[in-house]
Amino acid sequence: MIGNYLKIAWRNLIKNKGYSVINIGGLSIGMSCSILILLWVLDETSYDKFHTNANQIYRLTVDAGGDFKAAVSPAGMASGLQDIIPGIESTMRLSPPITALFEANNLKFEEQRVFCADANFLEMFNFSLLKGHPKTALQNPNGILITATTARKYFGSEDALGKIIRKDNKDTFTITGILADTPSNSHLQFDIILPMAYLAKTDKNLIKNTWDNFGFYSYIQFNRGHKLSSEARTDLENEINQIYASKSPEFQPKFQLQPLTDIHLHSSNLQIDVSGHGNIQYVNIFIIIAFIILLVACINFMNLATAQSFRRAKEVGLRKVIGAKRKQLIFQFLSESILISFISLFIAICIIYLVTPAFNNLTEKQIVFQLLDNKIWLNLILIGLITGLFSGSYPALFLSGFKPIKAIKGRLRSGHENLLFRNGLVITQFVVSVFLLVGTVVVYKQLNFIKDKDLGFDKSNLLYIPEKDGIYNKRSALKTVLQQNPLTSDFSMVSDLPTNLITGAVNVEWEGKDPNSKIIFPRIDIDENFTSVFQIETLRGRSFSKAFGTDASNYVINEKAMKVMGMNLETAIGKNISFQDKKGTIIGVVKDFNFKPLQYAIEPLILRFREKNNIVVVRTQPGKTEATIKALKEIYGNLNSAFPFAYNFVDKDLENQYRGEQQMGTVFNLFAILAIFISCIGLYGLSAFIAEQRIKEIGIRKVLGASIFGLVNMLSKDFFKLVLTALFIATPIAWYVMDTWLQDFAYHINIRWWMFALSGIAIVVIALTTISFQTIKAAITNPIKSLKTE
Amino acid sequence: MILQIKNLFKWENSGGNRVFLLNDIDFTVNEGEFISIMGPSGSGKTTLLNVIGMLDGFNEGEYTFFHKEYIGFVFQSYHLIDELTVYENIETPLLYKKHRSSERKALVADMLDRFNIVGKKDLFPAQLSGGQQQLVGIARALITSPKLILADEPTGNLNSKQSDEIMTLFKQLNDEGVTIIQVTHSEKNAAYGSRIINLLDGRIVSN
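Which chain is which? The protein sequence lines are A and B, in order.
Note that the UniProt record's numbering gives residue 593 to position 593 of the first sequence, counting from 1, and the numbers run on in steps of one.
Note that the UniProt record's numbering gives residue 104 to position 104 of the second sequence, counting from 1, and the numbers run on in steps of one.
Read the hints as simulated data drawn from the structure, not as lab findings.
Since we're looking at a predicted model, the values are computed, not measured.
A hint or two may mislead.
Derived DEER-like restraints, expressed as beta-carbon distance ranges [to be verified]:
1. Phe66(B) <-> Phe421(A): 41 to 49 Å
2. Arg203(B) <-> Asn16(A): 43 to 51 Å
3. Lys105(B) <-> Asn16(A): 46 to 54 Å
4. Ala106(B) <-> Ile2(A): 20 to 28 Å
5. Ser206(B) <-> Ile708(A): 40 to 48 Å
Note that beta-carbon positions come from the ideal geometry of N, C-alpha and C, so glycine has one too.
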């Protein structure tokens, strides 16, 4: 029976080649898009699940109030909690990433993916250790773990275990373990792990196990079987807050236990975090897009199958006359659509194999499409079945419902209901297209807005040399040399760049401060050149200067800080404030400038005067960047030959901050275009069919004197109405969704009516162009031909 | 008695007027009869046949079909499924009756044999002459061993030689005990039958 059905299905496919190509083509493109997105989603949601105890491990995060949430906690806290709260099996701390120079085998490299970890790092996490002993590898302060790739980088094919490696030209370490490269789906991405014991030699917070300085990532592993429902977690968090309050009555932030497996996707609002996180919002958006694309492809299939129903009408009628029951016919048509769906699935799989490398490139993932993976092929078969059943459902019900005698005699008018349904489908497709197009426009505008936003300082031509250990004692000499060279004389030494500032303090006092206020004040240490090099406007007073010997105890604040402290431009200068228990006078107010990614609004900022700081920023003269770099290289080489010279550009750094958004934007655009393309394939098929159906009418009209333009117009009018309807439906939906996305940014564009107009016009043009191929063809056909066929 | 029709009406409303397609039809068919329904175009012959075959409904009256056995249909324009071969066309009714595969093979082989079309079993309808197509159509109607065959101008598209062959076949089937009702224009074809019902404007004018 099923064999008979498939045979018929196959012969029909061959007979109507054009429609088959459109059907299968649209469906394969749709399927490959959806499957690719699903692979991406699977990868995004797989983060950190490879740890055996993933469900027992939590990271301690903190909400300091006023929108300031951070991934860090104090050094002494995790182990302190373990002593008090029962059920904690172990705790482990990790330092924020360190940039350091490593040297071994006469090779020097600057490493940026370096962490310090407590000795039980490999017991809590299941990063596989290729060589060495997991329990003892980080016990000794002179031990060091490196990944296989790092080992190859320094030692080639030699066995690196037991070899010596030097950090920053002074500390030597013995390699006590070789780690496998970090799995791509780990929120921690590292090349080198140093023992916390090494850092504890110098770090006061570690030595004293402090509870007030937030500088470490703390992971807490609970006993197996310990209740960790969301209520239990809230109770635990309350307990932690109480414990912290007893230790620090003056500052009471709220702590949270963040599940390990949530870190990758649910950390977008956390500051001072490791980089490279995903965003659950994008995962959700992409799941919806995958679904939408598949839906659009299914609609093509439904639409064409229903439109062509008259071709199958006679067969349906005959089968009924010779004894087929409706159920059997439904089954026949469903098996047909499933056949088509699986042919498309096969093609889609081939497409995926071809485009995976490009897709990985675009999304910076390492997705491997493994067909034999249980989860994958089960999902694929499921997708094939669901697509087949869904897209075949309406045609099957519709076709099997024909009255046999009418069907055989070909007296089948495409019913009103059928037309309504088909129009509904076309409208749905165009609602999707308009939505995606508006989305594309909004995302594009917002990303451009971010790129071009006036940050309050001039970000172009700013070159900086990151913090260097070896230069610390030579900063005065450096300053002198930089001043002497005209290429580098426009420079400033700062403690932090105004790109993603992670400093912050709550102990700021001013006259009239609300004692309950817990506002965080970020801080930058600057020299006398800061405002001129960054071109930041001073609104009142002055910036720091060496000319006044007293500036070390003075402060410059930004506008926002001025408002927070209840002052204005007339009153601010000369007011006394205290910052981190150090009293001083406000000598200047600068115009607000952004010092964090644009997701965050500008916070009150304190600028402190330090003549010497670690980061050197040089404003290069236009066109002389190359020469400046060369000059700087020479200067640094003379002062500190031990370190490789490295530099970055402030605007590049700023751009990198929005990589996630940029990537999301690119992928969004790509799939939006594909979804529109698939819709057009369907529209093309439908217009071909309708032109064919009306060929006699067109012939008669032509004989009666209709012009080609008039005919094209007549044939296009119906589609035009559908597209307009879609535009009306899509507008509020797109408005709402895109506005929600924009609200994530403290600085964002506003949605404007022209974005809809533009998308609407684009869709109308695309749709009319698509159908024009068929309408024009139909309109210029010689009427004799079309009339003779009757 | 195989079926009985009592005071049967079928009408259509067109523009406020009721147009009767079948008007007070009243007749009985006994097992083994060979009935020809005749009448001019538009007299309701095909409509009546469709009602008998339960392919079409009616508005008023009674229709009793005494044997629930299968009815076989034969059409003027053969109505074979274009995408299926001769063999597959004949086999299809059996598929819907859920016969086992071996059984189907045997039955179809018998039928092909009986109509001398074994050599054509893998051809598609478009590759056959009209007469051959109608043979396949009859073979398909007979494959489920129906008690009643309803034939709507079975020779309407055939030349006289082919017509005679088909009518002879029907006569032969009738002799074997199959009840046949045919719609025809041709007196000659009607002569093969045992009874003639004449229709005019949806009414039986002679029986």
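Results for each hint:
1. Distance hint check: the CB atoms of Phe66(B) and Phe421(A) are about 42 Å apart, consistent with the given range 41 to 49 Å.
2. In this structure, Arg203(B) and Asn16(A) meet the distance hint of 43 to 51 Å, their C-beta atoms being roughly 46 Å apart.
3. A hinted range of 46 to 54 Å for the beta carbons of Lys105(B) and Asn16(A) is inconsistent with their spacing of about 31 Å.
4. Judged by the Cβ atoms, the range 20 to 28 Å given for Ala106(B) and Ile2(A) holds: they are separated by roughly 21 Å.
5. At roughly 59 Å, the beta-carbon separation of Ser206(B) and Ile708(A) lies outside the given 40 to 48 Å, and the hint is violated.
Of the numbered hints stated above, those contradicted by the structure are hints 3, 5, listed in ascending order.
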